[in-house]
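Participant: Fit chain D to the known structure of chain P by using the hints.
What follows is the residue order along each chain.
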Amino acid sequence: MTYRVLPIYNGAMKTHEWIDHTSDVGLWVYGKDLQNLFKNAASAMFELVAKPLKNISQSHSRKMKVRLDTFDIEELLIRWLSELISLSDCKRLIFTKFEIQNLSDRHMSALITGQSRKYFTIETEIKAVTYHELKIQKKDHHYCAQIIFDV
Amino acid sequence: METLISLKQLDPCRYQIPASYNPGMRVPGLIYANEKLLSDILNDKALEQVVNVAFLPGIVGQSLAMPDMHWGYGFPIGGVAATDPQKGGVISPGGVGFDINCGVRFIRTNFQMEEIQERLRDLVAILFAHVPSGMGSKGGLRLNPSEGRQVLLKGAQWVVEKGFGIASDLEATEDYGAIANADPQAVSERAYERGKSQLGTLGSGNHFLEIQVVDQVFAPDVAEELGLFAGQITVMVHCGSRGLGYQVCDDYCHSIGKCLEKYDIYVPDRQLACAPVESIEGQEYLGAMRAAANYAFANRQYIMHQIRKSFEKVFQKSWQSMGMNLIYDVAHNIAKIEKHKLDDGRERRLCVHRKGATRAFPPGHPELAERYRRIGQPVIIPGDMGRYSYLLVGMESAAETFYSCCHGAGRVMSRSKANKTFNVKDVLKGLEDKGIVIQAHSKATIIEEASGVYKDVSEVVDVVVQAGLSKKVCRMRPVGVVKG
Chain P
1 MTYRVLPIYN
11 GAMKTHEWID
21 HTSDVGLWVY
31 GKDLQNLFKN
41 AASAMFELVA
51 KPLKNISQSH
61 SRKMKVRLDT
71 FDIEELLIRW
81 LSELISLSDC
91 KRLIFTKFEI
101 QNLSDRHMSA
111 LITGQSRKYF
121 TIETEIKAVT
131 YHELKIQKKD
141 HHYCAQIIFD
151 V
Chain D
152 METLISLKQL
162 DPCRYQIPAS
172 YNPGMRVPGL
182 IYANEKLLSD
192 ILNDKALEQV
202 VNVAFLPGIV
212 GQSLAMPDMH
222 WGYGFPIGGV
232 AATDPQKGGV
242 ISPGGVGFDI
252 NCGVRFIRTN
262 FQMEEIQERL
272 RDLVAILFAH
282 VPSGMGSKGG
292 LRLNPSEGRQ
302 VLLKGAQWVV
312 EKGFGIASDL
322 EATEDYGAIA
332 NADPQAVSER
342 AYERGKSQLG
352 TLGSGNHFLE
362 IQVVDQVFAP
372 DVAEELGLFA
382 GQITVMVHCG
392 SRGLGYQVCD
402 DYCHSIGKCL
412 EKYDIYVPDR
422 QLACAPVESI
432 EGQEYLGAMR
442 AAANYAFANR
452 QYIMHQIRKS
462 FEKVFQKSWQ
472 SMGMNLIYDV
482 AHNIAKIEKH
492 KLDDGRERRL
502 CVHRKGATRA
512 FPPGHPELAE
522 RYRRIGQPVI
532 IPGDMGRYSY
542 LLVGMESAAE
552 TFYSCCHGAG
562 RVMSRSKANK
572 TFNVKDVLKG
582 LEDKGIVIQA
592 HSKATIIEEA
602 SGVYKDVSEV
612 VDVVVQAGLS
622 KKVCRMRPVG
632 VVKG
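Quick mapping for you: the protein sequence lines, in order, are chains P and D.
The opening residue of the first sequence carries number 1 in the working numbering; numbering runs sequentially from there.
The opening residue of the second sequence carries number 152 in the working numbering; numbering runs sequentially from there.
Quick caveat, the hints were computed from the structure, so don't treat them as lab data.
Remember, it's a predicted structure, so these values are computed and weren't measured experimentally.
One thing to keep in mind: the hints can contain errors.
Reference listing, derived: stretches of chain D covered by chain P, where coverage requires no fewer than 3 residues with Cβ under 8 Å from a Cβ of chain P [claimed, not checked]:
1. 217-227
2. 240-251
3. 278-288
4. 340-354
5. 395-403
6. 408-420
7. 558-570
Glycine is no exception: its CB is placed at the ideal position from the N, C-alpha and C atoms.
Here chain P stands alone, though its shape is the one from the complex (with noise of 0.2 Å):
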């Protein structure tokens, strides 16, 4: 496994960074804190299944609650991503906004909001998240998490 040296933290450095992988899409994301990972995680990620055609009107979204438990921290990771592209196939929603409500080791709760696929151009269908290379990283004052989607 390599890791990277990562950017330090000083409220304006970027979210996320693609990275190559033969078959898959791979991503590098920051975060100044656990929250703001697992926010920035979601955002990339509907970044690269899809582009909104034109600015959608907030009458059109659609809320939901997302609650996980699980055994840790890297697991839950991992859940929250596959549960929102899961949700995503099944109610044909492209999520927009993630809010994180609660976050532990092994619990989150969140509320997202997504729109229908209609308002969107498709660009990538992402299978699943795996584990593969996963690594939750903790650096100075902020996180980083390596993650790879199977496309």
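Facilitator: Just chain D now, kept in the frame of chain P:
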């Protein structure tokens, strides 16, 4: 990202990673490649993944990788591993992948190229309209909960019983289109939810539907027995179990993750999480995976029905009169309980994981339908949309791979690099110059699936033939392409 693993060349197409390379390896690694393909393989982390797979408890023989191998997640794509359940052998959802029973279906017709040339554009347009494709595509057959359970139990048989095919289609499908001992109860409500409106859909990414022409015949006797001839039009479909399969794998990656501690198993990558085949968790996953695999067989069967209907619409003839019979349907992301002889000559029941690899049973194998007993199992190797695909048949000399072969060309370029290297106009122009008609949902797919992102499938096939894993029957080139 270059791999520093030292390889021992055994012959022109076999390279070994000795078990002494890492103390955690229970068996050596064996890679099938020639020098050219090996240079691609060394460019990513695929070899490291061959080493990781060799850590699996109960693994027997070698941790194998086919010449189309590349970096995956957990297993390398192109990886084959057999474990012995009697010796604590494990099953790993990561050794099957999220798209459970992703596979390929190959259909013949009576047409010669010149008979369809004028209608090719209409045909591609009608196929594009009749076979839903693209991300999260739905349409096809909508299943109520009871039908959903039946599909998971009976696979392609259920589709045929509904009138969308004939009994002989099932003989031409791996496991007759339905793997026994599937357990619909082990499939979550969410997976049912995702699967209920996606039966008969292609999906996106590297999934495709192609109209092809047979441009070279290598084994005329086998080709003739299968009803194939030079200049003939054929159809190939590549897809899997859609959202239902992704959800099953996702659910079990999570639950089997907990088994590592319970059964005191160490694996170097969390995506290789596994459970003993004979454990409750292992059996539950196996039941759910088989159910998802049956969904994929049903999916490809219904898609074939739509293909037959599309041809009927364009040519105003019945599909029977156009000779649209199924040559074969193979799974290339799956784990199977199979009987194999090990080095001591004794037959054992093994759990064979094929992650981007195709079963290739030899002539005379008892699990093959009577019509394939003389020639061996057809092995379908799709290439890329601008070059070729191949049909092979299994051979006895593939015993060392548990009768497994490659599954395609294998990616060599990441999607982001493809986006920097190619543009849509040039890719489309390249296809047009070769007389290939394409319809796709997304420009991104066209770029990300450009020929140049794949290895040359002919090179890959030459290695498996040289290694005695399969025998060439014929080569097809694409003339019409439908992409998600």
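Participant: State for each hint whether it applies.
Facilitator: Verification of the supplied hints:
1. Residues of the stretch 217-227 of chain D with a Cβ under 8 Å from some Cβ of chain P number 5, which satisfies the need for three, so the listed coverage holds.
2. Beta-carbon proximity to chain P at under 8 Å applies to 4 residues in the stretch 240-251 of chain D; the threshold of 3 is reached and the given coverage holds.
3. As drawn, the stretch 278-288 of chain D meets chain P at 3 residues by the rule of a beta-carbon pair under 8 Å; at three or more, the given contact holds.
4. Requiring three or more residues with a Cβ within less than 8 Å of a Cβ of chain P, the coverage given for the stretch 340-354 of chain D holds, as 4 such residues are present.
5. With 4 residues having a beta carbon nearer than 8 Å to a beta carbon of chain P, the stretch 395-403 of chain D meets the requirement of three or more and the stated coverage holds.
6. For the stretch 408-420 of chain D, the stated coverage by chain P is satisfied: 3 residues place a CB nearer than 8 Å to a CB of that chain, which reaches the threshold of 3.
7. Under the rule that three or more residues need a Cβ within less than 8 Å of chain P, the assignment of the stretch 558-570 of chain D holds, with 7 such residues.
When each numbered hint is compared with the structure, no violation occurs for any of them.
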